[in-house]
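> As a plain string of letters, each chain reads:
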Amino acid sequence: MSFTRMMEGNEAAAWGARLSRAEVVPAYPITPQTEVISHIATFIAEGKMKAQYIKVEGEHTAMAAAVGASVAGARVFTASASQGIAYMEEALWMPPGRRLPIVMCMVNRALAPIGGLRPDHNDSLMQRDNGWIQLYCENSQEVLDTIIMAYRIGEDRRVYLPVASCYDGYFVSATATPTTVPDQVEVDEFLPPYVHEMYSLMPETYRPRPFEMNIAKARYEVQQAHERAKVVIEEVDVEYSKRFSRGYDGLLEEYACDDVDAVLMTMGSMTGTARDVVDEMQASGKRIGLLKLRGFRPFPTEELQGLAKRFHAIGVVDRNTSYGSAGGGIVSMEVARALYPLEDRPLLLNFHVGLGGSDVTMRQIGYMADKTLEAVETGRVEKAVDWVELVDLGEVM
Amino acid sequence: MSQIIRAFRPTVDKDKCVKCGNCQTYCPEGTVMLRDGEEVVFDYRFCKGCGVCANECPVDAISMVKEA
Amino acid sequence: MEINRQFDEYYENSYIQGGTACCPGCGGPLFWRMTLEALGPKTIIYGDGPCAYCAIRNIKLPNFGIHFSFVADGSTGILAALAAKGREDITVVSSGGDGAIGDISFGKVSAAAERNENMIQICVDNEAYMNTGIQKSGLTPFGAWTTTTPLGKETPKKEIPLIIAQHRVPYVATTSVAYPRDLQAKLKKASGIQGFKYLHTVIPCPTGWRFDPAKSVEVVRLGVETWVWPLYEIEGGVLRVTLKPKQRPVEDYLKAQNRFRHLSDDQIKFIQSETDTRRQRLLENDGKRIIL
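Residue numbers (numbering that gives the first Met the number 0), protein chains in the order written: chain P, 0 to 396; chain H, 0 to 67; chain G, 0 to 291.
Because the hints were derived from the structure by calculation, they are not lab data.
Values in this document were obtained by computation on a predicted structure and should not be read as measured data.
We treat Cβ as the ideally placed atom computed from N, Cα and C, and that holds for glycine.
Please note: incorrect hints may appear among the correct ones.
One-sided and incomplete, this derived list gives chain G residues near chain P with beta-carbon spacing under 7 angstroms [said to hold, decoys possible]: (1) Phe69; (2) Asp72; (3) Ala79; (4) Ala80; (5) Ile103; (6) Lys107; (7) Ala110.
Next up, chain P with everything else stripped away, as it sits in the complex (with noise of 0.2 angstroms):
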């Protein structure tokens, strides 16, 4: 039975295991994730949820307890933040390699050295090379969705591939705000049981890996498979949508961006906040949109390029630092590498804001978005990388 209250993201999260019928979970506590698999323990405990819960002693463990029981035909689900996700790095690296379609939540919280408990998104964009699925949640509904999703799209024969469902520690993880849960047995129409193609571990039906001795190809293989992701996540999308009247555009969603000169990009639960500062600037008149970029990795390059000929700037907000980098912020870098081949290009600004996980207000947002049309204004870039928290906008709010 379908039902809505308010939610933490942490619950949500352990709500989209749960439906997912997630089989096997190897569990270790890091704030701000640690909700997640106590939630799930509970469920467990109260029989609610059939699932193997591994009490392991690190992240490193976790990561290669969720490769074990995926090879071995389970489906995995886990949970990490922060220092757990560099710790467990080693083991990341298997499952895109493997074609191992285990869901994890990547809880964004700040990496130390210059971090803290509070989230920004240098942990989850660490891993943007190892060839895990990458999407980006808003607020507690989304992240229970993108779960349940998350497993159609990896399990998807075109793709087999890891799909971690992102979002901020604290603002969304334990924010509450209404979420609706849907009913068990539409998810399991919705989404099959797990069945590995490529391989299996049963002495019935051993089939090992097939092993492809030309590293080139076989990396080719990991990256076609990125690329047909693309299809995948919006073909689900628009699956999910017609059957529980909730979507999310796939990788990238616009968001009142018909009429306007430029955007403003940004990731995570600042997209919540950045909705209400552009509807506000549209009611005075201002010409600025905003896109949410929901699918990190498989990166929309060619969504992006179609989208970016209606506007002459975009700000790329970056809740991550990249040092020595060749000019700004992770997402930053992307989108430029996305646009350079087109023949008229947005004019580019890059914002780093909400380091680790100072809030991002509206009054900052109000700054990058009028920063982004006077760029328009004058047809040039005052400042290309404003790190945006060491200017003095006075108050707060």
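Dock chains H and G against the given chain P, drawing on the hints supplied.
Just chains H and G now, with coordinates in the frame of chain P:
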């Protein structure tokens, strides 16, 4: 197809052999067979010439001879 | 050729294909051949990491590995998946070398023991990181030459079987390829027990221990006969010494391997007295509870 290269290969003196099966038991590669419990044979496709069979034979029936 | 066909048929009935990439005389493939014979086909093997993998690659039974920093981890996951699927009839074997279990995966093995995971954890101990060219590990014995201890290892070998036994697991045993009946009996026993089973086996390494490959089985036999490698089991915390050979002087064992060539008389005396103590303690506690 990779090939095994040996310096020495085992040969058995059938008169000395007491068919104890030690050679078959202790060959690290499992390439020595006491066929039908009667005759000791070697799989020279995979034998590495390590000499354990010769060393474990209680009656010194196996000798390691230089490969041609 | 007829003989080739007969051998192919012979390999058909064996769980490991002859002709591994291991060094000539390596005890690894020998260990696996004996072990798999004892365990049977309903087995999944988990294990990776250097030397062991040269033999595991030739195993025909379902096998899977990650890296040697993940000993017991992947197998924990495999067990969970089998439980989820209701396949508790399959034996899960996790294998790691001495570098893995003694050093980089030490915590993993301890944790799996604490969780009492239903696997047979095997340590294939050739007493150093051999695949990278003979470097010292926590399980390299005192005095042994390696490339990182060219003057001989200064510290003693970690006693992993006793450490694991103290985790209160149901079964711990030491085995040797020179005593196949003892090895196979212990494996069969382990596969019939629920919970975490730990089997520590010495794997002779002609390349790293520096001896003629032909002496491979003879060297480990000497290890057992000198009580450097005692054969025992600890079942439910109770010790049972499974072989009580007449003690030979350790010198016989040490002189058989060039990695101990540089040992002084004092060092040999020290090793002898340590070995005597070990033998004495084991015999004193034979049949008794040996853990706290």
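> Does each hint hold? Answer for all of them.
Hints versus structure:
{"no.": "1", "hint": "Phe69", "result": "4 angstroms, holds"}
{"no.": "2", "hint": "Asp72", "result": "3 angstroms, holds"}
{"no.": "3", "hint": "Ala79", "result": "4 angstroms, holds"}
{"no.": "4", "hint": "Ala80", "result": "4 angstroms, holds"}
{"no.": "5", "hint": "Ile103", "result": "10 angstroms, violated"}
{"no.": "6", "hint": "Lys107", "result": "6 angstroms, holds"}
{"no.": "7", "hint": "Ala110", "result": "4 angstroms, holds"}
The structure shown violates just one earlier hint, number 5.
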